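Engineer: Take a look at the letters that make up each chain.
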Amino acid sequence: MRRVHILGAGPAGLYLAILLRKANPATEVIVTERNAPDATFGFGVVFSEETLGALRTADPQTYTEITDTFARWDRIDIRYRDRTMSCRGNAFSAIARIKLLRILQNRATELGAQLRFHTEIEDVSALREDADLVIAADGVNSILRRTITGFDAQTGTVGSTYVWFGSDWVPDAFTFIFKQTEHGLFQVHSYPYDEHSSTFIVETTPETWRKAGLDQVSEVDSMAFCQHLFAEELAGHTLRSNRSLWQHFPKIVNSTWSRENVVLIGDAAHTAHFSIGSGTKLAMEDAISLAAALENHSDLRTALVEYELDRKPIVERFQQAAGDSAAYFQRTEHLQDLEPPQFAFNLLTRSGRIGHGNLAQRDPGFVRSVDNWLHGKILSPPPLFTPLELGGLSIGNRVVAGSPETGAGLVIGETVAVTGNGRIHPGSPTLADAGQWPDLVESVHKAGALLGLRLGHAGRRGATHPPQRGRDIPLPADQAWPLISATDQPYGPRSQAPTMATEQELQQITAGFTEGARLAADAGVDLLELDMAHGYLLAAFLHTEFPFTVLEAVRAEWPVDRPLSVRLTVTDYRRGGLSEEDGIALAARLKAGGVDLITVTAGQSVHSDQPPYRRGYLTALSARVRSEANVATLVGGYLTTTDEVNTIIAAGRADLCFLEGA
Amino acid sequence: MRIGIGLPNTTPGPNPAVLLDWARKAEDGPFSTLGVLDRLVYDSVEPFTALAAAAGATTRIGLATMIAIGPLRGSAMLAKQATSVNGLSGGRLTLGLAVGARKDDYVQAGVEHRRRGAILDDQLAHLRAEHPELPVLVGGGSGQALSRMARYADGYAHGGGPPRAFASAAAKARAAWAEFDRPGEPLLWGQAYFGLGDPDTGSAYLRDYYAFTGPFADTIAAGNLTSARAVKDLVRGYAAEGCQELILLPTLSDPSEVDRLADALGSL
Ligand SMILES: Cc1cc2nc3c(=O)[nH]c(=O)nc-3n(C[C@H](O)[C@H](O)[C@H](O)COP(=O)(O)OP(=O)(O)OC[C@H]3O[C@@H](n4cnc5c(N)ncnc54)[C@H](O)[C@@H]3O)c2cc1C
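Those protein sequences? They're chains L and Y, same order as listed.
Each residue of the first sequence is one higher than the last, beginning at 1 in this note's numbering.
Each residue of the second sequence is one higher than the last, beginning at 663 in this note's numbering.
This is chain Y alone, in the form it adopts within the complex:
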């Protein structure tokens, strides 16, 4: 299993200097990929813009959206952004897409929320027809999302949780893949949050970021990996369940978090 790290594009006070510093540290560290999140109505850096900046600051490390909320952008614009980042980075992008979880993002983007599934399907049909070279992952837990993944994508982007939640989602993804008679196996990517330097601030950020989910925000905050031990347990658990790439997403904007995570992984 490869391990990637998130760029702090949605953590408090995102600023360009931190993103670039972070990206360079990650490139020098034991990480396969830099991942970004996508959220419109929140203090954050737009994901493709963040990845474009990271592409300029690095040469080796993979870049991924985990995930981008496709329907917030027009199909052609989404393809343009993704292929631009892919081109600028020398083919390092993995495009993770899903419908997202927030209605207010849709309201602000002026996109009809109830059409989100249909729009994403259209975007995927377009991307796969026009840009087959670009690896695509799809996320989401519903039967519909899993069908979408099996129909259009190269693999599945899981939304986070303990290893057994990943295992159950992975089995569903493989089942959908088989039902669509796709050759081989789907790629399986996972994600989790970490915050090692200042766990309380990190968890407070998660409660704020996920406040729209109501009490579920506490559940997400409780899953924050706040010690080397917790990181190691989760990494082992995911590896055992067949995850191919695990993206550890930051909850703090401090670039020393990259070193802390590298240390935690180093002691694995």
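Excised from the complex, chain L in its bound form:
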């Protein structure tokens, strides 16, 4: 490679210039930057400890300079209500962006890269013709990415409204501050980056921001507002502005990172979110990966593909975590009922990357205090072994499974159909099996668990083959039975068309549910669950009063000192279907109708939807239902480890968990 043009002298561009010159002094490297060398936005940037190893190997000299300049700490402080909770063992470092750039500029110059400041590039074709390779290190608004066809960036925003200040208040920990006001909740992300200065980011929802009138005021006045709001924490110190305007964090996702001789790195290729502080780290790691790929392959295409293959999965993981973290901070308003230890644990585990086990390694004392708070004793077992008091029942542990051999605290088996025609498949249990329930109760109790029984009616998803063969595979006409639903449209392709349930049929079904409740109560069943999920009969009627009529009838029959649960489809995963807000409103209404527990599920209301499957994909939904509808929840969504269960329980995202393979 004879000549490389790098557009943008941010961390990505400068670091790549260094590495390219180091690898091959014969390569001419020209960095073009529109701003002055000492112009910078923002204040300090944080690095997590894992980043640093890669920087040391790539260029020991800048590594030493950067780390010598670092402010370091290992504590996270969470100021919430009138308390400060601290968690140690989180190795962080931070540096002023201006200092970082200065170190990188000097090193790049020393290695012979040409740095051209005050030069704004508006026409990219000249750059492309003039070099073998053009690096788009020109940040979120990358002109190269925007003007070259074939890049298909998806751009948008992530998270709430925020403003980035500096301050001469210097906390000795990464500090979160949560402050309730008459307008709503404001939160601060603050960290020191040298002896005299800290970054001080204020964040709030757009609604609160507007209610507080911040959309109407000048930069100076909005800083004064924040200064006043956090006067107590700032303890006489002041905020500093540097083009500190309220904004939304930009979201950039690219499916293609290079076109011909142009390649994207850093923010031009991808963004994360400030609340996981990793943009600079990712930008510099991109540079390392790209330099290595160019070193390894003489063929440019091969090198660029290798770089993309190397970086994309890592970046995607960060973007997932960033999205989760940003979404968390949009919803903290709803978590203000959590007690301080649980609130702190919830915050620290927000991105899904760190769990109970991991935090226990970092700060055993902190995790013990959370466990103790949860359990109410000094020597407490892990969260999943904390008994749950629910509707008059004490469940021994937080794991729910399909059979009692697992050690689960609660066992819930296959749905029991309340009428013969409400069966899913020919072998579905029905009320006719109630004679076996007392024995079942006894054997489950013997195994140390409690028995839950789910009552349901298949609706238009009935008369199918058993699930070994699949779901919704209709029985041949001569073996099928007639179906009813809230519609006369079949559920799936080749499914039998149901008839609309008549008033009389609905009454029979209600009677089936109450009869089931009576039989279950007599048999000594511990918890009763009604199935209002997945497009089965009651779910199909969720837009009507019918499920609530059934609930009322069942609640009247089911003993007051035993818990009643509803399995609910909280969202439909399709446009025009039930939204999360709708589902939460339903959950709240069910709770008001005497329901003690919501089993959170989603999708399958109709045959074709788009669920975001992944490990624990229902957890965030459960957290919303629990905090916004104020009801206990049971959640699954493919949880496979006890650590996931411990984390969910300690963070208050659910009260019980289905554990796969348990």
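Derived from the structure by calculation, the hints contain no laboratory data.
Since we're looking at a predicted model, the values are computed, not measured.
Heads up, some of the hints might be wrong.
[Stated by the list, open to error] Below, a list of computed lysine to any residue pairs in the SDA-like style, where the Cα atoms sit at most 25 Å apart:
no., chain 1, residue 1, chain 2, residue 2
1, Y, Lys687, Y, Arg664
2, L, Lys312, L, Ile288
3, L, Lys312, Y, Gly822
4, L, Lys377, L, Leu338
5, Y, Lys742, L, Ser495
6, L, Lys591, L, Glu557
7, L, Lys312, Y, Gly899
8, Y, Lys742, L, Pro476
9, L, Lys312, Y, Ala833
10, Y, Lys894, L, Ile314
11, Y, Lys765, L, Asp609
12, L, Lys312, Y, Arg826
13, L, Lys99, L, Leu239
14, L, Lys312, Y, Leu896
15, L, Lys312, Y, Asp870
16, Y, Lys765, L, Asp152
17, Y, Lys894, L, Asp310
18, Y, Lys687, Y, Ser929
19, L, Lys312, Y, Gly885
20, Y, Lys894, Y, Arg826
21, Y, Lys894, L, Thr302
22, Y, Lys765, L, Arg574
23, Y, Lys742, L, Arg494
24, L, Lys312, Y, Thr875
25, L, Lys312, Y, Ala884
26, L, Lys312, Y, Ala902
27, L, Lys312, Y, Ala892
28, L, Lys312, Y, Gly876
29, Y, Lys894, L, Asn296
30, L, Lys179, L, Leu239
31, L, Lys312, Y, Phe874
32, L, Lys211, L, Gln180
33, L, Lys591, L, Asn630
34, Y, Lys687, Y, Thr863
35, Y, Lys765, L, Thr149
36, Y, Lys742, L, Arg469
37, L, Lys211, L, Ala231
38, Y, Lys765, L, Asn254
39, L, Lys99, L, Thr67
40, L, Lys312, Y, Arg898
Starting from the known structure of chain L, arrange chain Y with the ligand on it as the hints suggest.
Structural biologist: Only chain Y with the ligand this time, still in chain L's reference frame:
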């Protein structure tokens, strides 16, 4: 983990002699399955026809579509083709199905592209109702495809990539399986390309075959396994992630590739 090998039914210059020779070599080698790809608008042998030929030339080895683009065929015709191959081979077929990635295949087949998902659902409902003995895998990465897999299939056919991509897809497949409350676990099949004798020609074929994906063709070509070492690393990676059957697909039509791959695996 079992290891299968692809038949060269889409590589340059497909001809019957090569396919049969290839199938016999694979049958004698350490391979569990012969896999085929499906593509209408490309110089290739129709997958069920290729498998029928292979069935006649072999007695032991499994046969699989990885995958067949179901909606290009009518539901009844698809079932007929699949059950015919299954019957002729003495029950050796695993039917992998997906919607495919190319619009032009749909245009040529005269099938509405935007109805592809609905058509495949219908085909699966038909197959499972009428031919439950035939093992079916479904591929595709979207939530919808994963639901389809969990609802109708016996398992998941992954589309290729490094082991961690397989791992993430496998977790999603298992999550969908659990949400549909299917008993047990889904079968998990993976695939990757290899080209040992003449890597450059093999990779050039991949760039051509996947040219319709734009720059992504380079990414696929970069994943081509061109050395014994690369084959071994990938096999180990997939095994570690719980893949049950890995189909290594050819990028060259030369039957010596079967021996080269067997050697590479032999040194595992
Ligand atoms: C509020 C906030 C907090 C953050 N906190 C952190 C944190 O704590 N830790 C962390 O690691 N990251 C953080 N980041 C992210 C971090 O700032 C970026 O990810 C990082 O700077 C990306 O580096 P880059 O080199 O890709 O782009 P940039 O730093 O944006 O550099 C791009 C450069 O290109 C120049 N340029 C652009 N267009 C042109 C043009 N047409 N002609 C000439 N020059 C041009 C720009 O002037 C700029 O200097 C934060 C970001 C924000 C907004």
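Engineer: None of the hints should be skipped; say for each whether it holds.
Structural biologist: So, going through the hints one by one against the coordinates:
1. Taking the CA atoms of Lys687(Y) and Arg664(Y), the gap is near 17 Å; set against the 25 Å cutoff, the hint holds.
2. Restraint check for Lys312(L) and Ile288(L): satisfied, since their Cα atoms lie roughly 14 Å apart, inside the 25 Å limit.
3. A threshold of 25 Å between alpha carbons decides the hint, and for Lys312(L) with Gly822(Y) the separation of about 16 Å falls inside it, so the pair holds.
4. Between the alpha carbons of Lys377(L) and Leu338(L) the distance comes to roughly 19 Å, so the proposed pair stays at or under 25 Å and holds.
5. Our distance criterion of 25 Å between C-alpha atoms is met by Lys742(Y) and Ser495(L), whose separation comes to about 21 Å.
6. About 17 Å separates the Cα atoms of Lys591(L) and Glu557(L), which keeps this hinted pair within 25 Å; it holds.
7. Restraint check: the Cα-Cα separation between Lys312(L) and Gly899(Y) comes to about 19 Å, which is no more than 25 Å; the hinted pair holds.
8. Restraint check: the Cα-Cα separation between Lys742(Y) and Pro476(L) comes to about 19 Å, which is no more than 25 Å; the hinted pair holds.
9. At roughly 19 Å between alpha-carbon atoms, Lys312(L) and Ala833(Y) fall within 25 Å of each other, so this suggested pair holds.
10. For the given pair, Lys894(Y) sits about 23 Å from Ile314(L) by alpha-carbon distance, which is consistent with the 25 Å threshold.
11. For a cut-off of 25 Å, the pair hint linking Lys765(Y) to Asp609(L) stands: about 22 Å separates their Cα positions.
12. Proposed proximity of Lys312(L) and Arg826(Y) is supported: the alpha carbons are some 12 Å apart, at most 25 Å.
13. This hinted pair checks out: Lys99(L) and Leu239(L) have alpha carbons roughly 20 Å apart, not beyond 25 Å.
14. Using a Cα cut-off of 25 Å, the hinted pair Lys312(L) and Leu896(Y) holds, with the two alpha carbons roughly 19 Å apart.
15. Taking the CA atoms of Lys312(L) and Asp870(Y), the gap is about 24 Å. The hint holds against a cut of 25 Å.
16. Pair hint Lys765(Y) plus Asp152(L) holds up; C-alpha atoms about 19 Å apart against a cutoff of 25 Å.
17. Straight-line distance between C-alpha atoms of Lys894(Y) and Asp310(L) comes to about 19 Å, which keeps the hinted pair within the 25 Å bound.
18. At most 25 Å may separate the alpha-carbon atoms for a hinted pair to count; Lys687(Y) and Ser929(Y) meet this at roughly 18 Å.
19. For the hint linking Lys312(L) to Gly885(Y), the alpha-carbon distance of about 14 Å falls within 25 Å, and the restraint holds.
20. Of the pairs offered as hints, the one joining Lys894(Y) and Arg826(Y) holds, with about 15 Å between alpha carbons and a cut-off of 25 Å not exceeded.
21. For the suggested pair Lys894(Y) and Thr302(L), the alpha carbons sit about 21 Å apart, so the restraint of at most 25 Å is met.
22. Our distance criterion of 25 Å between C-alpha atoms is met by Lys765(Y) and Arg574(L), whose separation comes to about 24 Å.
23. Taking the CA atoms of Lys742(Y) and Arg494(L), the gap is about 18 Å. The hint holds against a cut of 25 Å.
24. The hinted pair formed by Lys312(L) and Thr875(Y) meets the criterion: a straight-line CA distance of about 17 Å does not exceed 25 Å.
25. In summary, the hint linking Lys312(L) to Ala884(Y) is supported, as the alpha carbons are separated by about 14 Å, within the 25 Å threshold.
26. Of the pairs offered as hints, the one joining Lys312(L) and Ala902(Y) holds, with about 22 Å between alpha carbons and a cut-off of 25 Å not exceeded.
27. The hinted pair formed by Lys312(L) and Ala892(Y) meets the criterion: a straight-line CA distance of about 20 Å does not exceed 25 Å.
28. Restraint check: the Cα-Cα separation between Lys312(L) and Gly876(Y) comes to about 17 Å, which is no more than 25 Å; the hinted pair holds.
29. Pair hint Lys894(Y) plus Asn296(L) holds up; C-alpha atoms about 21 Å apart against a cutoff of 25 Å.
30. Simply put, Lys179(L) and Leu239(L) have alpha-carbon atoms about 17 Å apart, close enough for the 25 Å limit, and the pair holds.
31. A C-alpha spacing of about 21 Å is found between Lys312(L) and Phe874(Y), which places the hinted pair at or below 25 Å, so the restraint holds.
32. Simply put, Lys211(L) and Gln180(L) have alpha-carbon atoms about 13 Å apart, close enough for the 25 Å limit, and the pair holds.
33. The straight-line distance between the Cα atoms of Lys591(L) and Asn630(L) is roughly 8 Å, inside the 25 Å bound, and the hint therefore holds.
34. Between Lys687(Y) and Thr863(Y), the direct Cα distance comes to roughly 22 Å. Compliance with the 25 Å bound is thereby established for this hinted pair.
35. At most 25 Å may separate the alpha-carbon atoms for a hinted pair to count; Lys765(Y) and Thr149(L) meet this at roughly 22 Å.
36. Between Lys742(Y) and Arg469(L) the alpha-carbon distance is near 20 Å, which keeps this suggested pair within the 25 Å criterion.
37. Only pairs whose Cα atoms come within 25 Å are accepted, and Lys211(L) paired with Ala231(L) is accepted, the gap being roughly 20 Å.
38. About 23 Å separates the Cα atoms of Lys765(Y) and Asn254(L), which keeps this hinted pair within 25 Å; it holds.
39. The suggested pairing of Lys99(L) with Thr67(L) holds, with an alpha-carbon distance near 11 Å, which does not exceed 25 Å.
40. For the suggested pair Lys312(L) and Arg898(Y), the alpha carbons sit about 22 Å apart, so the restraint of at most 25 Å is met.
Of the numbered hints stated above, none is contradicted by the structure.
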